[in-house]
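Undergrad: Spelled out from the first residue to the last, the chains are:
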Amino acid sequence: MSFLPALLENLRRLPARALADLRPGRGQAGAPGADDAARRMRRSFVLHLHPLKVTERALDPWLTLGLGIATGALFLALLVSGLLLMLYYVPSPERAHGSMLDLEHAVAFGAFLRALHRWAAHGMVVAVGLHLLRVAAQGAYRRRELNWMVGLGLLGLTLALAFTGYLLPWDQRSYWAVTVSANLVDHVPWLGAGLKQLFLGGERVGAATLVRFYALHVAVLPVLLAGLLALHLWRIRKDGGLAASAGAAPTLPAWPHLMLRLAALAVGVLAALCLVAALVDAPLGAPLDPHQPSNPEKSPWYFLGLQEMVSYSAPVGGLIFPGVLGLLLLLLPFLDREDGAPGRWFGDGRVRVQVLAWGGASAVCLAAFVALQLSAQARGAAAASDLWNPATGMLLLGAVAFVGAGALGRSTRAACLAALLVLLVALAGFTLVGLCRGPDWAFFWPWEAWPGGA
Amino acid sequence: MDDKPDEQAPLAAPRREFLVRVGAWVTGAAGLAALAGAVRFATPDFREGPAARFPLGPAADFKIRTLTWVRDRDLFVLHDDGGFGAFSARCTHLGCTVQRVADGFHCPCHGARFDPLGRPVSGPARLPLPWFRLWLEPDGRLWVDTAQAIEGGTRPPAALGADGVGA
Chain A
4 MSFLPALLEN LRRLPARALA DLRPGRGQAG APGADDAARR MRRSFVLHLH
54 PLKVTERALD PWLTLGLGIA TGALFLALLV SGLLLMLYYV PSPERAHGSM
104 LDLEHAVAFG AFLRALHRWA AHGMVVAVGL HLLRVAAQGA YRRRELNWMV
154 GLGLLGLTLA LAFTGYLLPW DQRSYWAVTV SANLVDHVPW LGAGLKQLFL
204 GGERVGAATL VRFYALHVAV LPVLLAGLLA LHLWRIRKDG GLAASAGAAP
254 TLPAWPHLML RLAALAVGVL AALCLVAALV DAPLGAPLDP HQPSNPEKSP
304 WYFLGLQEMV SYSAPVGGLI FPGVLGLLLL LLPFLDREDG APGRWFGDGR
354 VRVQVLAWGG ASAVCLAAFV ALQLSAQARG AAAASDLWNP ATGMLLLGAV
404 AFVGAGALGR STRAACLAAL LVLLVALAGF TLVGLCRGPD WAFFWPWEAW
454 PGGA
Chain B
4 MDDKPDEQAP LAAPRREFLV RVGAWVTGAA GLAALAGAVR FATPDFREGP
54 AARFPLGPAA DFKIRTLTWV RDRDLFVLHD DGGFGAFSAR CTHLGCTVQR
104 VADGFHCPCH GARFDPLGRP VSGPARLPLP WFRLWLEPDG RLWVDTAQAI
154 EGGTRPPAAL GADGVGA
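Taken in sequence, the protein lines are chains A and B.
For reference, each letter of the first sequence is one residue, going 4 to 457 in the working numbering.
For reference, each letter of the second sequence is one residue, going 4 to 170 in the working numbering.
Next comes chain A alone, as it looks inside the complex (with noise of 0.2 Å):
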């Protein structure tokens, strides 16, 4: 065939061949187990995620809620909502809030973006924490001692990514929240000063700190939580599946019974994200003042049990607290060897019970420990120490819960989960009086009003 008929014949067959030669899995026909379906798996990037087979256990949903996925789905809106604002988002003192203004009043969809994006974050949040209390609670760190560890990072990365976000509109909680946050730094032993400096990037928070944020919102961060959210989930792979399915055999094809399902949570976890952004417009706070905060001045609900532990005491709460939490989930898979009851939460019937009955005490205890220290603060009693207050007080609890539930339960993993629970119990709490935090940060039942009308 000459030349030109021959690419004219191309030209006409290139709309057909470009489908079926772009397709992954063409050409393997006749290789073994090769139905079209295992095929494509096989060669698919993204549908390599699973084996070709997994067992029934892992389609049981209430395994692991769905969570890792709805995280994944949540990142995802995160990241096409963020390039968006990016559009308009200028990272100065001088037109950071304007263009908040901007995209709510002027920008087509603006609105709409900025609320996803916002709601999206808070809702990564809540996934993330709840995918760890699940492979905590069902012991599923065991022998996955490294993927625990990158989930540990995915954490941190997703708060932190919360934290250099909410500078960026450059509002009155913004200015405040870091200026706390970096007198916080300052605290830290022989470090502190330094590590202040280069988050501020100056004395104070200003044009070089907002800059500083916008990078790391914007490129360090979001590329870190890439990279380790895939070796995230090459790791599940490496490590056989899901912790409860270890022994049993894979039977059911993962195309369609899982991809099917996990498609299905993440298209619903992405309609409800946008429903509830079409329905709810993000906060903008009032413009900063970088002379006088607002009364109260209050974190975002993720951070606010923290705020409220910093209001007892800077280091305590504020570094020591999370501090310990940081290294009891570090050492968690090193702690506790236990091999017992995998993907049952709360192990077996023994270690439930140590660990439920030490979480609810700490719930009582809690409760005492705050009720004493608002009845010192309505009578303005002198200034306490940093060493007695109710985070310290949950921190030997949460000692006390991890000797005697260990003891009581003989068992490593009763140990670690009861004193993790107290923690937690400490922090949910914390958090809870945080929320009914007013002007002077006084406390205050939701029912009641607060002075002065606000």
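Heads up, some of the hints might be wrong.
Which bits of chain B does chain A cover? Going by a derived footprint, with three or more residues having C-beta under 8 Å, they are [claimed, not checked]:
no.	stretch
1	20-30
2	44-58
3	72-81
4	95-102
Part of the chain B face toward chain A, derived, beta carbon under 10 Å [as the list claims (entries may be wrong)]:
no.	residue
5	A92
6	H109
7	C112
8	A115
9	P119
10	V124
11	G143
12	W146
It is worth saying that the hints were derived from the structure and are not from the lab.
None of the values given here were measured: they were computed from a predicted structure.
Just so you know, even glycine gets a beta-carbon here, dropped at the ideal spot from N, CA and C.
Based on the hints, put chain B in the right spot on chain A.
TA: Then chain B, alone, in the frame of chain A:
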């Protein structure tokens, strides 16, 4: 030219093993040095923001028995029967600006309370609001130096010059 790597024991030769180790350590050290350089790069040698030493304005503007909030500079100027005093409005707990109330100062961020001279009363603050060196220039203006803390509650004698000599 018979230098093909031996696939059975590629690093068996002690000299080769030594060189690989040295290479790894040098690469690691260079990486650490680059990291240190990046951290140093992110720590500028200039300081932004207003100077620590500045005029507050004519002393006559700060009437006796008043407390003035110098908003732009985050400090309070007290003028009472003891004389003039200037102290910081930034909470010693975590740096929010305290607000004036009837019995002293409140911090809205974490509820620290201070008495009218800036000493902590309750809440999480452990240190008093820092007082700054204050002086009167011959032209009648009060000056303050926020880089020089002085003992809380101390006032300079009612009228004095930069060198401490009465004007």
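Undergrad: All hints are to be evaluated individually against the structure, with a verdict given for each.
TA: Checked hints:
1. 20-30: As far as the stretch 20-30 of chain B goes, the hint is violated, because 0 residues have Cβ atoms under 8 Å from chain A.
2. 44-58: holds (count 6)
3. 72-81: holds (count 3)
4. 95-102: It holds, with 6 qualifying residues against the three required.
5. A92: holds, 8 Å
6. H109: holds, 5 Å
7. C112: holds, 5 Å
8. A115: Check passed: Cβ of A115/B comes within 8 Å of chain A, closer than 10 Å.
9. P119: Hint on P119/B: violated, closest Cβ of chain A at ~15 Å, above 10 Å.
10. V124: Nearest chain A Cβ about 7 Å off; hint holds.
11. G143: Violated, about 26 Å.
12. W146: Violated: closest Cβ of chain A sits about 20 Å from W146/B, beyond 10 Å.
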